[in-house]
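Engineer: Order-wise, the sequence lines are chains A and B.
The C-terminal residue of the first sequence carries number 316 in the numbering used here, and the numbering is unbroken.
The C-terminal residue of the second sequence carries number 1639 in the numbering used here, and the numbering is unbroken.
Hints are computed from structural coordinates only; laboratory data are not their basis.
Treat each hint with caution, since some may be false.
Unchecked claim - Only pairs whose alpha carbons sit at most 35 Å apart, straight line, appear in this in silico DSBU-like list of lysine-lysine:
| no. | chain 1 | residue 1 | chain 2 | residue 2 |
| --- | --- | --- | --- | --- |
| 1 | B | LYS1595 | A | LYS267 |
| 2 | B | LYS1393 | A | LYS199 |
| 3 | A | LYS273 | B | LYS1595 |
| 4 | B | LYS1250 | A | LYS152 |
| 5 | A | LYS215 | A | LYS199 |
| 6 | A | LYS136 | B | LYS1250 |
| 7 | A | LYS264 | A | LYS199 |
| 8 | A | LYS215 | A | LYS113 |
| 9 | A | LYS215 | A | LYS267 |
| 10 | A | LYS267 | B | LYS1048 |
| 11 | A | LYS101 | A | LYS152 |
| 12 | A | LYS101 | B | LYS1022 |
| 13 | A | LYS101 | A | LYS267 |
| 14 | B | LYS1595 | A | LYS152 |
| 15 | A | LYS264 | B | LYS1048 |
| 16 | A | LYS264 | A | LYS136 |
| 17 | B | LYS1048 | A | LYS273 |
| 18 | A | LYS264 | A | LYS101 |
| 19 | A | LYS199 | A | LYS136 |
| 20 | B | LYS1595 | A | LYS215 |
| 21 | A | LYS152 | A | LYS306 |
| 22 | A | LYS152 | B | LYS1048 |
| 23 | A | LYS273 | A | LYS215 |
| 24 | A | LYS101 | B | LYS1048 |
| 25 | A | LYS113 | A | LYS199 |
| 26 | B | LYS1022 | A | LYS152 |
| 27 | A | LYS264 | B | LYS1595 |
| 28 | A | LYS113 | A | LYS101 |
| 29 | B | LYS1595 | A | LYS113 |
| 30 | A | LYS101 | A | LYS215 |
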Amino acid sequence: MKINQGFRLAISALALAAAMPALAQESSDPIKLTLHDWTGQLITTQLMGSVLQKAGYNVEYVQADYLAQFAGLESGDLHLAMEIWETTGREAMDAATGTGKVVNLGPTGMQAKEEWWYPSYMVEQCPGLPNWEALKEPACAEAFSTAETAPKGRYLGGPVTWGGFDEERIAALDLPFEVIHAGTDAALFAELESAVQRKAPVILWVYAPHWAPAKFEGDWVAFPEYTADCYNDASWGLNPNAAYDCGKPFGDIWKVGWAGMAEKWPKAEAAVKAFTIDNAEMGAMITEVDLNGASVDAVVADWMTKNEARWSGWIN
Amino acid sequence: MRFAAIWLAVLGLFWGFSALAKPLLPWAFDWPKAMVLPAARWISAFTKWLLNEASFGLFTFQELTRGVSAVIEVPYRAATGVLSEGAFGLPPLSWLAVVVLVALLGHRAGGLRLALLSGLCFLFIAVFGQWTSAMVTLASILIAVPIGVAGGMSLGLAAYRWPGFARAITPVLDLMQTIPVFAYLVPVLILFGFGPVAAIIATVIYAMPPMTRITQLALQRVPGELRDLGNMVGCSRRQMTWRVMVPSAKAGLMVGVNQVIMLSLNMVIIASMIGAGGLGFDVLAALRRLDFGAGLEAGFAIVALAIALDRISQALAYERVVRHGYLWGALGTLGIAGLLAVLMPGVQSYPESWQLSTGTFWGQVVAWININYFDTLEAVKNALLINVLIPVKRFLIALPWAGVALFLGFVGWRLRDWRLGALVAGLTVLIAATGLWDKAMTTVYLCGISVVIAMLIGLPIGVMAAERASLWRWVRLAIDTLQTLPSFVYLMPAVMLFRVGDFTAMIAVVAYAVAPAIRYTALGLQGVDARLIEAGRAMGCTNWQILTRIKLRLALPEIMLGLNQTIMFALSMLVITALVGTRDLGQEVYIALTKADSGRGLVGGLAVAFIAIIADRLIGAAAARARARLGIAGDSHGG
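Isolated chain A, as found in the complex (with noise of 0.2 Å):
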């Protein structure tokens, strides 16, 4: 990360001189945002963080591990996450949030979706793909099978603290696959792009926000539209004596921080929850850095100087 100084110490003279007023009577220690290690995280959190220093306050970026964190936020050694997925990382939340040390600030705005994605080229071999029911057939399964599992499929999915329910997804709607996990998100996208390379078959877990769907051209699984009762209910759905016979939930991404906020930084707790961005602002961020290899500074400075009527808002 080669955070450009230049233009950080910039923005923090500028902000000094415009926003000193809001800083009356709040504490000058830094406000500690943890940096994990994606893109879309980079972009937000410093897109908060840029927007706190307009405000006045001083910003100072930890780089943390996304579950490992919330040691930190507990203790308030942290004090802002800015991304926490609905689908990944409510477990931690929950843990973290029912001791009071740590608060929920709200959704960030962005959806966060996973599912069973393919690439195009797979619809030759599967042609009834996006439909789930095509993954029934016998031959489908097969083209995405390897030695391992053959007959069956092979599903690639997330590493097993991810959760995710795909072993119980397929016995629920009887298909002919078998789930194997990837240990990391980056060894799940290292096989993507393997197999893309060299156009074999592949069918995995693809989260979005994220610069795979961008780069490749594919289509996530439909699969029955989730509900709460399916996950809880047997009865629900196709399988009556199974859960889970329907897609992944979408979940909100939240902002978690450290509850002594509220007392300390008031008026930045108030900028943390006003803050919102949706997926395709992310996604074309993302796509800007990852894809087209710009800069995280520069992207986010372009966003800062292009939304200023709206980050204001957030401020005040």
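Position chain B relative to chain A; hints supplied.
Structural biologist: Okay, now just chain B, sitting in the frame of chain A:
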């Protein structure tokens, strides 16, 4: 003959038991669920108490640890101020100043060659645009290494002086070195606060044990005459330690320093996950966007740091006649570089237009291999999987824990005494009692196969390199690289070519664990007494006979130590293998981390440590027997 017969009989019994006893004694195969020790719950409760309530009256345990981190924070802030962030309105040291200073230090320590090598290493970092991150990493290494060396050495000194302390500390060192870092990450974060200091502490915990062991060993090796001499001239205890013992053990101690540096740099990736930032973060971020070139460049910047630091610290250990004037040289450099930096911005921060980058080159290389050779690679992989890996895995998982415990106990008893046997068997039962038997066996399978392959590769290379000084230099460079290059850098390309799974994990483990296999084999062979080789030659031995009958036999203790270290290295890679989807103890620890369940993580970590201790003790005992049979005196060390 009788000896062989006993072993055959026991093996036969073991096999018979494993194959036939399942219907009769199901509990010997699957530990009864009701009897699984709730160890995870106990440990969770204990850590909760330690973190929230433990108190010394005046202050709580957490306040104490927070105090420690505040103390470490001071030099760390100073180091980052000087190297990467600047302080008091002054900019940080410019890249030019640092390169020249490092070269000067290299010259002071080892002459022109070292000056060039270390200067070039740092220049490499600047040229590839890794400067800012590398200085952040360097700052935390500069704090972690002295703490690790000083702490390790004082523990080693204490253990040398008080044998009781030595006995108490050995198992603790084993645990520190073998419990995967992920297992204690959450408690460390809570105790020491989130950020670079916690990362430094985790690094020290991991990197310190070899220093302690090597200190102990090096002190024991100081010749008795020297000690007698010290007593005769009336040294006080303090003089004895610092004027006699430590200086004469210097060569050994420097091996420890080398290991602390290497292991600290090894932690860079994990440290970056808890707030250390720097190069480790760049590697992770690059690989998440599958930018192999960027990952490789950041990875090699870590290697360059490691090599420069290691070679300088090694050279400093040897006394040289040193001319004066280095201090003035350093001050002059600072002054001139500072002045230049004000005049020319390109001196302060390395200009972007001069930077090199491999860009998309490495990505294209991987893509080319992928497109042209994937099918061939897949065929090779499948053949290995179906014929070797899967059968071994099935075999190991089917073994009854009770049978394994008895068998290992017997091995321990035969190799040393009943105490070793009881220890080994007891630890095996404990692993089963945690209910993690299957995952433990998967771990044994993955690490076992990897160790065999690493030894098969490492032994011949070690043998070849031992006698050819020029080859040895290159081999050493290669194994230092393998030891410090973050495995993520080659793991993701491996995933592209071999898919996720055990095979890819095996590649990563072998690549990392082959280093000690080569290193200790070569060191062992180089240490063989030249007179014995001469004697062999005089008796008309062929080269092959000299190698197999004399050298390899005499080097056996070192080779056994190499095997021991290969196993330790393989086990320490479990954290990484979990990231490519294996279902072993590494995964257990990783799941626990993601659920912030410190008890579950530590139980998984302890199971790994038990496997390591069993292997270590049995190999140690076997090596001792081999030494006794060959009549070689002296002591070997674990490190």
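Engineer: Does each hint fit the structure? Answer for all of them.
Structural biologist: Structure-based check of each hint:
no. : hint                      : result
1   : LYS1595(B) with LYS267(A) : 32 Å, holds
2   : LYS1393(B) with LYS199(A) : 32 Å, holds
3   : LYS273(A) with LYS1595(B) : 26 Å, holds
4   : LYS1250(B) with LYS152(A) : 62 Å, violated
5   : LYS215(A) with LYS199(A)  : 14 Å, holds
6   : LYS136(A) with LYS1250(B) : 69 Å, violated
7   : LYS264(A) with LYS199(A)  : 54 Å, violated
8   : LYS215(A) with LYS113(A)  : 16 Å, holds
9   : LYS215(A) with LYS267(A)  : 39 Å, violated
10  : LYS267(A) with LYS1048(B) : 34 Å, holds
11  : LYS101(A) with LYS152(A)  : 47 Å, violated
12  : LYS101(A) with LYS1022(B) : 51 Å, violated
13  : LYS101(A) with LYS267(A)  : 19 Å, holds
14  : LYS1595(B) with LYS152(A) : 32 Å, holds
15  : LYS264(A) with LYS1048(B) : 27 Å, holds
16  : LYS264(A) with LYS136(A)  : 56 Å, violated
17  : LYS1048(B) with LYS273(A) : 32 Å, holds
18  : LYS264(A) with LYS101(A)  : 14 Å, holds
19  : LYS199(A) with LYS136(A)  : 22 Å, holds
20  : LYS1595(B) with LYS215(A) : 32 Å, holds
21  : LYS152(A) with LYS306(A)  : 51 Å, violated
22  : LYS152(A) with LYS1048(B) : 46 Å, violated
23  : LYS273(A) with LYS215(A)  : 32 Å, holds
24  : LYS101(A) with LYS1048(B) : 15 Å, holds
25  : LYS113(A) with LYS199(A)  : 25 Å, holds
26  : LYS1022(B) with LYS152(A) : 31 Å, holds
27  : LYS264(A) with LYS1595(B) : 29 Å, holds
28  : LYS113(A) with LYS101(A)  : 29 Å, holds
29  : LYS1595(B) with LYS113(A) : 22 Å, holds
30  : LYS101(A) with LYS215(A)  : 40 Å, violated
Checked against the numbered hints listed earlier, the structure breaks hints 4, 6, 7, 9, 11, 12, 16, 21, 22 and 30; every other hint is satisfied.
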